[in-house]
Amino acid sequence: MTAAPKIRPAREEDCPALPAIKSDAARAFGDLRRDVAARPVSVEAMAVLAAEGTLWVAADETDAPVGFAAATMLDGTLFLADLHVRPDAARRGAGRALLRRVIDHGRWAFFPAVTLLTDRLVPWNAPFYATEGFVMLDALRLPPQLAEKLASDLARGHDPSRRTAMAKRL
Amino acid sequence: MDKKAYWVARVEVTNMEAYQGYVAKNAAAFKKFGARFIVRGGPFEMLEGGGAKSRNVVIEFPNLQAARDCWHSPEYQEAIAARKGAALVDLMLIEGYDGPQPA
Chain Z
1 MTAAPKIRPA REEDCPALPA IKSDAARAFG DLRRDVAARP VSVEAMAVLA AEGTLWVAAD
61 ETDAPVGFAA ATMLDGTLFL ADLHVRPDAA RRGAGRALLR RVIDHGRWAF FPAVTLLTDR
121 LVPWNAPFYA TEGFVMLDAL RLPPQLAEKL ASDLARGHDP SRRTAMAKRL
Chain Y
1001 MDKKAYWVAR VEVTNMEAYQ GYVAKNAAAF KKFGARFIVR GGPFEMLEGG GAKSRNVVIE
1061 FPNLQAARDC WHSPEYQEAI AARKGAALVD LMLIEGYDGP QPA
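Residue numbers (this note's numbering), protein chains in the order written: chain Z, 1 to 170; chain Y, 1001 to 1103.
Each hint should be verified, as a subset may be incorrect.
Cross-link-like lysine-lysine pairs, in silico, BS3-like; alpha carbons within 25 Å at most [said to hold, decoys possible]: (1) Y:K1032 - Z:K6; (2) Y:K1003 - Y:K1031; (3) Y:K1031 - Z:K6; (4) Y:K1025 - Y:K1053; (5) Y:K1084 - Y:K1032; (6) Y:K1003 - Y:K1032.
Non-contacting residues of chain Y with respect to chain Z, defined by C-beta distances greater than 10 Å in every case (computed) [what the hints assert, rightly or not]: (7) M1016; (8) K1031; (9) I1038; (10) V1039; (11) V1058; (12) E1078; (13) A1081.
From the structure, some residues in chain Z lie toward chain Y, with a derived Cβ separation under 10 Å [stated by the list, open to error]: (14) E12; (15) E52; (16) M73; (17) H105; (18) R107.
FYI, nobody ran anything at the bench for these hints, they're computed from the structure.
Every value quoted in this text rests on a predicted model; they were computed, and no experiment measured them.
Virtual Cβ for every residue (Gly too), placed ideally from N, Cα, C.
Could you build the full structure based on these sequences and the hints that come with them?
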């Protein structure tokens, strides 16, 4: 393991590798996610985001993706739907660099905020986002589409006392 | 090898919400024609002259024809439709130079 992964916009040919990155990254949660039916990453949906310019990868020395960030538009904000780094490439700044790329894009495209759903307690979840200026949102006062996403996460088995919406105003 | 060609754009956004729609749509055309951002916003200084706009962009294309075709493509025209009335745009298409340089 050498240099920090390089962040670049995703290409269509990167997309087939992304579901495995998400499931590898999910293993770092151990038993915490045992009862959660993870939302699968669809290669087709990723290819659409790549074409729309809201999908980025962290690539290793051979230019192969080891992490990715996928964003969509939700309630007029830029919603970070996925941010995952493979455990063997983690702890070298790839996640933070991907997140900053998403924030930069949000500013560039005049989004008022970046939003996301995450775990309150896992160190590389809410506490990590807080270091980049994200704040937790009141679950009872979420904009409609974000509230719907949160409800659907809870329906898939996420713990309601731990799942939280966060936002960073741009 | 073809000379590269560039779009040089200066943009003043007047309706951010509508402009977002354009940003979301333009990637498809840029991808199709092999475009690459050389300058994308970023801090700038006017050293001479006036009439600055706040968003300045330089996009590289593989050649003049690709740069022209991109603008005329249905994909880009759809993006333009999305930013109608949302921005004041100066967009220049210009061919690159690959001759001798100041020594």
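Checklist entry - K1084 (chain Y) and K1032 (chain Y): Cα distance at most 25 Å? => result OK: K1084 (chain Y) and K1032 (chain Y) at ~22 Å, within 25 Å.
Checklist entry - Is the hinted pair K1003 (chain Y) and K1031 (chain Y) satisfied, with a Cα-Cα distance of at most 25 Å? => result This hinted pair holds, its Cα atoms lying about 19 Å apart.
Next on the checklist: Please check whether R107 (chain Z) passes as an interface residue: C-beta within 10 Å of a C-beta belonging to chain Y.
Outcome noted: Holds - the Cβ of R107 (chain Z) comes within 10 Å of chain Y, reaching about 8 Å at its closest.
Next on the checklist: Please verify whether K1003 (chain Y) and K1032 (chain Y) have alpha carbons no more than 25 Å apart.
Outcome noted: holds (19 Å)
Checklist entry - For the pair supplied as a hint, K1025 (chain Y) and K1053 (chain Y), is the alpha-carbon distance within the 25 Å limit? => result holds (22 Å)
Item to check | Evaluation of the interface hint that places H105 (chain Z) against chain Y, nearest CB under 10 Å | outcome: holds (9 Å)
Item to check | Exclusion check [K1031 (chain Y) not at the chain Z interface, CB over 10 Å] | outcome: Per Cβ check, K1031 (chain Y) is inside 10 Å of chain Z; nearest 6 Å; violated.
Next on the checklist: Checking a non-interface call: every C-beta of chain Z should be farther than 10 Å from the C-beta of A1081 (chain Y). Is that right?
Outcome noted: holds (16 Å)
Checklist entry - Is the hint on E52 (chain Z) kept, meaning its closest Cβ partner in chain Y is under 10 Å away? => result holds (5 Å)
Item to check | Proposed proximity, K6 (chain Z) with K1031 (chain Y) (alpha carbon, max 25 Å) | outcome: Satisfied, since the Cα-Cα distance of roughly 20 Å is no more than 25 Å.
Next on the checklist: Minimum C-beta separation from E1078 (chain Y) to chain Z exceeding 10 Å: can you confirm that?
Outcome noted: For E1078 (chain Y), whose nearest Cβ neighbour in chain Z is about 13 Å away, the distance exceeds 10 Å, so it holds.
Checklist entry - Was the hint right that M73 (chain Z) lines chain Y, CB cutoff 10 Å? => result With a closest approach of 7 Å, the M73 (chain Z) hint holds.
Hints 7 and 8 from the list above are not met by this structure, while the remaining hints are.
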